Structures are given as C-alpha cells and as structure tokens.
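J.: Chain by chain, the residues:
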Amino acid sequence: MSLRSLEFAVVESATGIVRNSLMSVASVTTVGLSLAILGSFVLLALGLNNAVQSEMSKFEVAVWLKGDISEIEATNLELEIRALPHVKSVELISAEATWEKIKKDWRDKIELGGVQPTSLTDHFRVTLSDARYTAGTAESVRKISKVEEVIEGRQIVEQVVRFADFVNLIGWCTAGVLFLIAAFIVSNTIRLTVYARRREIKIMQLVGATNWFIRLPYLFEGTVLGALGGGAACLLVFGGGCYLEEAVAKIMPLLAQFSSGLDPMRFYGGLVGAGCFIGAMGSLISIRRFLKV
Amino acid sequence: MIEFADVSVTYPDDIQALRDINLKIEKGEFAFIVGPTGTGKSTLLKLVYREETPTKGRVIVGGRDVTKLRGGAVARLRRGIGVVFQDFRLLPQRTAAENVAFALYVTGASGKEMRVRVPEVLDLVGLADRADAYPHQLSGGEQQRVSIARALVHNPPILLADEPTGNLDPDTSWDIIQLLSRINLRGTTIVVASHDQHIVDRMTKRVIALDKGAVARDEEKGKYYELAKP
Chain A
29 MSLRSLEFAV VESATGIVRN SLMSVASVTT VGLSLAILGS FVLLALGLNN AVQSEMSKFE
89 VAVWLKGDIS EIEATNLELE IRALPHVKSV ELISAEATWE KIKKDWRDKI ELGGVQPTSL
149 TDHFRVTLSD ARYTAGTAES VRKISKVEEV IEGRQIVEQV VRFADFVNLI GWCTAGVLFL
209 IAAFIVSNTI RLTVYARRRE IKIMQLVGAT NWFIRLPYLF EGTVLGALGG GAACLLVFGG
269 GCYLEEAVAK IMPLLAQFSS GLDPMRFYGG LVGAGCFIGA MGSLISIRRF LKV
Chain B
181 MIEFADVSVT YPDDIQALRD INLKIEKGEF AFIVGPTGTG KSTLLKLVYR EETPTKGRVI
241 VGGRDVTKLR GGAVARLRRG IGVVFQDFRL LPQRTAAENV AFALYVTGAS GKEMRVRVPE
301 VLDLVGLADR ADAYPHQLSG GEQQRVSIAR ALVHNPPILL ADEPTGNLDP DTSWDIIQLL
361 SRINLRGTTI VVASHDQHIV DRMTKRVIAL DKGAVARDEE KGKYYELAKP
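In order, the protein sequence lines correspond to chains A and B. Mapping to the numbering used here: the first sequence position 34 is 62, numbers consecutive. Mapping to the numbering used here: the second sequence position 45 is 225, numbers consecutive.
Don't read these hints as lab results, they were simulated from the structure. Nothing here was measured: the structure is a model prediction, and the numbers come from that model. Check before you lean on any hint, since a few could be wrong.
[Said to hold, decoys possible] Below are the EDC-like pairs computed for lysine to aspartate or glutamate, each with C-alpha atoms no more than 16 Å apart in a straight line:
(1) B/Lys226 to B/Glu343
(2) A/Lys230 to B/Asp267
(3) A/Lys230 to B/Glu232
(4) A/Lys94 to A/Glu177
(5) A/Lys230 to B/Glu231
[Unchecked claim] Quick look at which bits of chain B chain A covers, simulated, 3 or more residues with Cβ under 8 Å:
(6) 208-216
(7) 263-274
(8) 279-285
We put the CB at the ideal spot given by N, CA and C, even for glycine.
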C-alpha cells in the first residue's frame, strides 16, 4: 500500500462520510444497536454459564451413610465414589459437623428442642465436574452398599442448564440476524457514496488505477462507520451493563454470582473489532459490483 | 500493435455484437472504424482496453493477449492506452489541469511528475492558457482537448477515440481530428470510431467498416461509403 493510496483513501472516505452524514449516522446507529444487543447477550450468556458453573459446585450429591458403618468401610466407600467419572471431590462430613451447621443455620427459625444429634449420620459431600452428570452419578452411588440415601439437586440443575442453553441459542440467533442487518445498512450507505462517485470510479478505472486503490476509500469509510458503531455499542453496553447485572442479581438471587468473567478490554475491543468487520464487509459488498469489468 | 483473432462477442439473449473479427492495426497507424450506430464500433474499442472480454477469440495488444489479464495487469494495460469519448467524461468540480493531473494522481505518480507532465500535455493540445478553467467554463472543443490531454498524460502508445466529434460542430470536429492526426505523427497508434462522414472522407486514412458486427470492408485510404457504387 503506497502513501498515495493511503492519502487518497483518508481524504475520500472523510468526504464520503461528511457528504452522506445522515446515512452515516444511520449506519453508526444500527451498527451500535446491533452490537450492543450482541454484546449484552454475550455478557448475559456468559454470566448465566458462570452462574450455573458456580451453582453446580453447590448442587453436589450428598451421600448419607448407614449408621453402623466402620471407619475402614467408610474409607473404601470414599475411594469407590472418587473412582466414579465426573467426580471432582469427595468430602466426609461428620454427624457432629452437620449438627453444628443445622444449629447455626436454623437457630431462631425452628424449634430444635426435640432433635438429637444421634439421629444424624455421617455423609459424603460429592462435588461433580459438570452438573449435567448429577443424575447419573447419583444413580451409580445408589448401587453401592452401605449407602443410606443419596440426595441430589437434579431438577434445579437441569432447569438452570436448560435455561442457559436457551439464552445462548436466542442470543446467537438474534445476534446473527442483527449482524446481517447492520452489514446491509452499512453496505447501503457505502453504495450511496459509490453511486455519487461512479463517474470518478469509471475514470479511475479508465486511466489505470488499480482496483485496490479504488476500493480503499470505501473500505476505510465502512470500517470507520463500523468502528464508530462499535464505540457506540461499548457506551450502551457499559451503561446498561451495570444496571443489568444489578437487575439480574435482584430477580434471580440464586444467580448471585452473576458475572461474565470477561476481561473488559477484550470485550470492548471485540465490540469495536466486530464493528470494523461489519463495516468492511458491507463496503466490500457494495463496491464489488462497480469494480466488475 | 492491436490484433483481433476470430473475435466474437455475444451478449446474453444471443445478441451478437461482434462476429469473427480478424484485424491487425500496426504501430503508428491511424485507422477509422465506421458503421451505423449499434454495429459494434464501441465494443471493438472496449475489447482493446479490456472493458469487455470476447466470448470467443483473442485480442492481442502490444504482443499480449489481454483477454487473460486480471486485476493489476488490467490497470497497467490501461496506463498504456488513452481513451477519449464523445461525452468527454471530465470531472465537473475539477479544473482542466486537475482533471489531467487526476489520471496521474490515482496511478501513484509523484508530485514532481505531475508538475512537469500536466502543463506539457495541456500545451500539446493547445490549452496551456486554460489550465485553471472548470469544464463548464470551456467550450465543447476545449473540453474534448482536456480529455485528450488526460488520455495522453501517461504517454500511451495507443489512443482510442469513441466518436470524439459526436458532440461538436463541424469546424471544431475538424480541429480535434487534426489534433489527433498531429499526435499520430509523434508515433502514437490511433483508432477512431466515427460516423462522421465528412471527416472520414477528408482524412483518407484506413477505414474499417463494420456491418452488423462483422467487418464489411477494410481499405487503406478509404472513404466512409464504398466508392464505386453502381
């Protein structure tokens, strides 16, 4: 790329944006809105995924042991559970510890007078690597002898997982459609500039300007519009994001640990990058037809 | 310099613009292509600067088959071919000098090259004193001279003119043809598509007559119509 083509591209693309200011504003707005919605969905989906992940560690399987189990038997049992697939950790909670926890959690709430620690047994707290395998693991543990009862949070886990999948699906579909619409509008804006310049383009082709030289100003124009749209999306998502996170935390306290866990620099950089991509694609589509000889 | 070998151009809907053209135009020649409107004169010129590609056959310009050129090679080919049109195709918001300089600018010429070359070609076409005039301030003949200057700015070995006098009065037309003739004397190969009978007859140069897309007649020192018509 020569200095000349850069100079030409910068001057011409700036002229194009100013001359078509109304359509340029429309492009920036649609790109901005599309990317803001896309960005929000990404944040929401990632947040939900993270929430599910963190909830998963809470939805462990509780394996209650029979009262007459010996220490060796308990150790063997622990090894057996540990050997099952998808098991992350196994922790033995003694009956006393459980009793202490119950007393602490339920004090002032219910009358514990009649309940004695002796009616409790030891139990294993089994944590899984993925909530999807809760039911299967619980089933496997049930088959082991000396197990009194297996309790799992299957239904809740399944619902949350399904909900997260659903949000993901809706998000990607919406984002895909919006992406296309944004590219279409940018492409139309560039088409106006190209149309206004069709004589110049024709002459440039005639006197032997290379296709890239002719294309570059429009590519610049589209990319700049896309980048501006990406910037607008950043502002919208940043503004809305704070509010959204609070709102979700309020509506679904279950998902208290609601956070996308994304590096903000990468996320906002990604939005601007996606804007540039939409803009560049839109302008290349518009100019393609005019350059065909 | 320019050679057509078995060239046919068929548009969609089976419209044959050109059929089996076999022609050779030598270096330094001055040739007229004549014939009624819609007979394929423009298409023939477009094949040379690769605005069109033939459906069949080869077009050889300066020893290269231009039908196979792509992208950058097409751009380089066009820097070696000046093209002039009936409607001048000047940019209205640029002066005469800027219109000429534009051709150099968009092909990456240096500022120094532009400062030297633009006055040179404007002088050659006799417009040195109108360099700063805008197209609307120029007469038709002057506008055509600007477009010829632009076509010559890359110093091309070939100059094509598609009805260059179509919009001009007879006297101005003759001036323009004289200018092309002078440029031809400097060694530039010139091909003019025209249906201006007076000019063609007065010049007595090579005449290639097209009829319904085929070469009907090709004569050295020819006239617009066949001579001894009984």
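J.: Enumerate the violated hints, using their earlier numbering and listing them in ascending order.
T.: 6
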